[in-house]
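Enquirer: Chains as they are written, first to last, in the working numbering: chain A, 28 to 264; chain B, 706 to 940.
If a hint is listed, it holds; no wrong ones were tucked in.
Dumping the calculated SDA-like pairs for lysine to any residue here, alpha-carbon to alpha-carbon at most 25 Å:
no.: 1; chain 1: A; residue 1: Lys90; chain 2: B; residue 2: Thr735
no.: 2; chain 1: A; residue 1: Lys249; chain 2: A; residue 2: Ile148
no.: 3; chain 1: B; residue 1: Lys862; chain 2: B; residue 2: Glu918
no.: 4; chain 1: A; residue 1: Lys90; chain 2: B; residue 2: Leu916
no.: 5; chain 1: B; residue 1: Lys862; chain 2: B; residue 2: His723
no.: 6; chain 1: A; residue 1: Lys249; chain 2: B; residue 2: Val762
Some residues of chain B that are not near chain A, with every Cβ distance over 10 Å (derived):
no.: 7; residue: Leu710
no.: 8; residue: Asp796
no.: 9; residue: Arg828
Read the hints as simulated data drawn from the structure, not as lab findings. Note that the coordinates shown come from a computational prediction; the quantities given were computed from them, not determined experimentally. The beta carbon of each residue, even a glycine, is placed where N, CA and C say it ideally should be.
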Amino acid sequence: MNLDFQFMLDDTPTILKGLPTTLALTFRSLLMALALACVFGAVINARVPVLRPVVIALNTFIKGIPQIVQLLFFYYGAPMVSRFFDGFLGYQDDPRHPPYFLAAVIALGLNFGAYMTDVVIASVSAVNRGQLEACLSVGMSRRQAWRRVVLPQVVVVSIPDMTNYLVWLLKATSVASIVGVVELLAAARISASDSYLYMEAYIVAALVYWLVCIAIEFGSRKLHNHLGIYAIDLKNR
Amino acid sequence: MQIGLDLIRQALPGILAHLPVTLLYFIVPTALTAVFGPLLCMARLSRWAVLRGAVMVVVSFLRGTPALVQIYLVLYGLPLIFGAVGVDINDWSAGVFFIAASTFNFSAFVSESLRGAYLAMDRGQIEAGLSIGYGRWQNAVHVIIPQTLRTACLNLKNLEIDLLKGTSLAYTIGAIEMMGYTDQIIGLNSGVGQLWLLGAVSVIYFVLCALLEVFFNRLFAFLGRHEKQEALRES
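Chain A extracted, bound-state conformation (with noise of 0.2 Å):
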């Protein structure tokens, strides 16, 4: 087994090119998937009466199919919705483009928001009763307790179950390179098309994709130490 490591050197900064796409399509679909997230858990949690049904049987349903096959969907839909949607508040179709990136963050987006619910609910009721109780009693309005007291501490409870999403995210990303997204993956596909030296160029990409995991995992500590600086349960760990 003898691999081109000249190759994998100088082929290095095209793959990379890839990377600011799949950077900034795990960014736009955490924060969708974040803003769908609260509004589900606050509907869940809330028991809003029609609603809840609805959105539990969604949720359920989404984490029950493939991503791949919610990334088709969005696919196959975009020219369409591109279509319905021309010259709407300026917005012009290009039948040659249509939108694959949007698609691939609402498609990535809805998937991740479905199981970030979880998340939030989860880091809601880890929360101590007591603590939002206490802040009644001391004359807080709800509001005021829920934005000084409750809600920290469930965004400190909440980091390491939402970093293994992002994470998880991030891989996911990988898959919209069949969806007509050129990411780091197409990217590594597309440079080594030239050469058919597809391993090295991939071997480059699981590499870049693992330093960024790593990377994303070291920062999510550091922020969870520092934010949970006054959790003592934190503190003696």
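For chain A, the structure is supplied; the task is to place chain B on it using the hints.
Expert: Same frame as chain A, now just chain B:
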């Protein structure tokens, strides 16, 4: 609407005919992981620092890179490795490569899940087992494994569901299972009714996942059948 329903009616027998392939890509990695997962976990907890470190790096790599990349790496890398020892495996079917890649990936996740469950176990349980005269193997069979499995069960359920959904990636390297067949039909129809077909196939995946969920919840209850009294005492 009518077009979509007609299309589903035509394509459904073919899609269901590929269900066994999907199940094969699910069951074989599960069975192999039942062997490799615990082995990796034991190696990760081993006394020898070199083995521990090596397994740690491998597991971190398998957990830190996308499954799709690993599938490609196995597809292109396995023939190179086998070629180095003079065996030509280029004519093996794509399914074999997918199963190999899937097993590597899944073993890494399962080993970490088992490790977490093992470490969460009360040390006193092991000492209690030894104190009543159990040997190492008896202790493993009667004390360690049941409790570790019980703790890891819900985690394993999520991993198994992921594995099942992950089989849909097989078609990217030409192993035709349910998803791959659906994609072929979509291609043959030049995309007519594609969203309908995807909807149909997602319902099938959803039903499979629901079955897994029910199975593992029962398993969880079964593994915890001795814990009821303890739970009552705590409450």
